[in-house]
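There are 2 protein chains.
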Amino acid sequence: MTLDNLVSEIRKKRSFLCVGLDTDVKKIPEQLLIEDDPVFAFNKAIIDTTHPYCVAYKPNIAFYEAQGVNGWRSLEKTIGYLNHYHPEIFTIADAKRGDIGNTAHQYASAFFEDLDFDSLTVAPYMGRDSVEPFLAYEGKFAILLALTSNPGAFDFQVNEEVDKQLFEKVLKISTEYANAERLMYVVGATKTEYIRAIRKIVPDSFLLIPGVGAQGGDLKAVCEAAMTDKVGILINSSRGIIYASRDSDFAEVAAGRAQVLQEEMAKYLTD
Amino acid sequence: MTLDNLVSEIRKKRSFLCVGLDTDVKKIPEQLLIEDDPVFAFNKAIIDTTHPYCVAYKPNIAFYEAQGVNGWRSLEKTIGYLNHYHPEIFTIADAKRGDIGNTAHQYASAFFEDLDFDSLTVAPYMGRDSVEPFLAYEGKFAILLALTSNPGAFDFQVNEEVDKQLFEKVLKISTEYANAERLMYVVGATKTEYIRAIRKIVPDSFLLIPGVGAQGGDLKAVCEAAMTDKVGILINSSRGIIYASRDSDFAEVAAGRAQVLQEEMAKYLTD
Numbered sequence: 001m002t003l004d005n006l007v008s009e010i011r012k013k014r015s016f017l018c019v020g021l022d023t024d025v026k027k028i029p030e031q032l033l034i035e036d037d038p039v040f041a042f043n044k045a046i047i048d049t050t051h052p053y054c055v056a057y058k059p060n061i062a063f064y065e066a067q068g069v070n071g072w073r074s075l076e077k078t079i080g081y082l083n084h085y086h087p088e089i090f091t092i093a094d095a096k097r098g099d100i101g102n103t104a105h106q107y108a109s110a111f112f113e114d115l116d117f118d119s120l121t122v123a124p125y126m127g128r129d130s131v132e133p134f135l136a137y138e139g140k141f142a143i144l145l146a147l148t149s150n151p152g153a154f155d156f157q158v159n160e161e162v163d164k165q166l167f168e169k170v171l172k173i174s175t176e177y178a179n180a181e182r183l184m185y186v187v188g189a190t191k192t193e194y195i196r197a198i199r200k201i202v203p204d205s206f207l208l209i210p211g212v213g214a215q216g217g218d219l220k221a222v223c224e225a226a227m228t229d230k231v232g233i234l235i236n237s238s239r240g241i242i243y244a245s246r247d248s249d250f251a252e253v254a255a256g257r258a259q260v261l262q263e264e265m266a267k268y269l270t271d
Numbered sequence: 001m002t003l004d005n006l007v008s009e010i011r012k013k014r015s016f017l018c019v020g021l022d023t024d025v026k027k028i029p030e031q032l033l034i035e036d037d038p039v040f041a042f043n044k045a046i047i048d049t050t051h052p053y054c055v056a057y058k059p060n061i062a063f064y065e066a067q068g069v070n071g072w073r074s075l076e077k078t079i080g081y082l083n084h085y086h087p088e089i090f091t092i093a094d095a096k097r098g099d100i101g102n103t104a105h106q107y108a109s110a111f112f113e114d115l116d117f118d119s120l121t122v123a124p125y126m127g128r129d130s131v132e133p134f135l136a137y138e139g140k141f142a143i144l145l146a147l148t149s150n151p152g153a154f155d156f157q158v159n160e161e162v163d164k165q166l167f168e169k170v171l172k173i174s175t176e177y178a179n180a181e182r183l184m185y186v187v188g189a190t191k192t193e194y195i196r197a198i199r200k201i202v203p204d205s206f207l208l209i210p211g212v213g214a215q216g217g218d219l220k221a222v223c224e225a226a227m228t229d230k231v232g233i234l235i236n237s238s239r240g241i242i243y244a245s246r247d248s249d250f251a252e253v254a255a256g257r258a259q260v261l262q263e264e265m266a267k268y269l270t271d
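Same order as they appear, the protein sequences are chains A and B. Just so it is clear: in the first sequence, position 69 is 69 by our numbering, and no numbers are missing. Just so it is clear: in the second sequence, position 49 is 49 by our numbering, and no numbers are missing.
Be aware that one or more of the hints could be misleading.
Copies of one chain are not kept apart here, so a pair can be met inside one copy or by any two copies together.
Cross-link-like lysine-lysine pairs, in silico, DSS-like; alpha carbons within 27 Å at most [to be verified]:
| hint | residue 1 | residue 2 |
| --- | --- | --- |
| 1 | Lys-267 | Lys-164 |
| 2 | Lys-26 | Lys-140 |
| 3 | Lys-13 | Lys-169 |
| 4 | Lys-77 | Lys-26 |
| 5 | Lys-12 | Lys-172 |
| 6 | Lys-164 | Lys-200 |
| 7 | Lys-172 | Lys-13 |
| 8 | Lys-140 | Lys-164 |
To be clear, the hints were calculated from the coordinates, so they are not data collected in a lab.
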């Protein structure tokens, strides 16, 4: 998928919402546990009701790996379902991979070829040759961790000296790897004071912003700081949508939550 | 496994060799392709012949994920075989995971509970709460990336200002997370000039050192700089051992390569 395809879809749906599929078999409605594949059954139900309100889905790979072979099968079915029935929707494998070139090629093969995701989150610590294998695919994106929204982000990403921010160094150096047609960035929504600085370094790149919702970011402030004339942001919500109800109406309640976010997002979209 | 167990095994075998199981179905001998599970058949043969000469095995998880459900099954069988027949051997899931606490818990569950690895490589970029879930397991280790051996290591880990090294900051701050009974570090062997500095910050921790062999490190220099009175190092070799031959004698040739390294290592072990 190209950036233009993604922006078109955002304008059509008037939404830049990404729904995080952090599907934990211990948290899904009990009624699904009789299914052959409860995790896929849950994801399918969530996709079926929420897709009018979002432009991206982001399975969190850890939750699938925690289920071993069965989890990997649920992941294959989920991405297969999305690619077959909703090819217009942007898919993100939230895997935060990062390893030397030879190994990164294997991850790229797994997520971009076999599973056919549109994008993968990538950790920058190991530098250029750990990122480049993900940049070789036309229409696929590496989404590099820049500034994350967790407390530990302050251990290494942010420095006491304002002119020596590691997250800014990651942004600056990575612009030498590729441009906005291949690279996006994870930027925590809880730190809008940094978003303006980030926009100066990567004015055209999409930012994937987690943390609006469960982690307490403010949608309006984030939009004002981060949006570009080609939108430039995807806002993720996971638990606040998919676990809004554990009753038999879970998929409809999830759609309701997604719709509320979509309607709020529509206010900030210009044409 | 405790550190004392690992050190005892090293002294018994007179080896601190780790064999990397970067098993690529495209690189294994053709004769194995008729097996039900060629990747496991290869790993089993390699383990059967090399285990007298090494104290650790390190499956590189990317190579298994690239094979999807089948790959995950090969991984389960490989770690199951090691834990059943060679419980004295230290096992490392080379996965370089790193994500927020909630997600890291899922990875810890996958690798430490379900698969029952002794350790997991972890990327430090997201800080304390992304590492802590791996530190909660008695007898299990997080092996944190400090200084890696690839060219991209110089993008972020190493700074122009010698007193502002990111890899040193990672070492220093992580000593506040846990001690040598829970934390080890990945340190690239191609940079022995840094190893002495690293030893000052983490005098007791084990270092997992890749890059001797295919990446050109020098075993003697590494040992002089990195060994402690409780050994303190594991040296990994992957391709140089497991792909030493593609003929029917591949497992014996691999064992020969491992033995050469073991005999060299024995020279540097005291007692």
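For Lys-140 and Lys-164, with the copy left unspecified, which applies at a CA distance of at most 27 Å: within, between, both, or neither? Intra 31 Å, inter 35 Å, cutoff 27 Å: neither.
Requested in this report: State whether the alpha carbon distance between Lys-172 and Lys-13 is at most 27 Å within one copy, between copies, both, or neither.
Outcome: neither (32 Å within a copy, 48 Å between copies)
### Query
Is it within a copy, between copies, both, or neither that the alpha carbon of Lys-77 lies no farther than 27 Å from that of Lys-26?
both (19 Å within a copy, 25 Å between copies)
For this session: Pop the pair Lys-13 and Lys-169 into one bin, within, between, both or neither, using alpha-carbon distances up to 27 Å.
Result: neither (35 Å within a copy, 45 Å between copies)
key: Up to 27 Å CA-CA - Lys-172 versus Lys-12, copy category   = Neither: 32 Å inside a chain and 50 Å across chains, both beyond 27 Å.
When no copy is specified for Lys-267 and Lys-164, does a C-alpha distance of 27 Å or less occur within a copy, between copies, both, or neither? neither (36 Å within a copy, 45 Å between copies)
At most 27 Å between CA atoms: does that hold for Lys-26 and Lys-140 within a copy, between copies, both, or neither? between (32 Å within a copy, 24 Å between copies)
Within, between, both or neither, where Lys-164 and Lys-200 count as close if Cα-Cα is 27 Å or less
Both. Shortest intra-copy (16 Å) and inter-copy (25 Å) distances satisfy the 27 Å Cα cut-off.
Hints 1, 3, 5, 7 and 8 from the earlier list are contradicted by this structure; the remaining hints agree with it.
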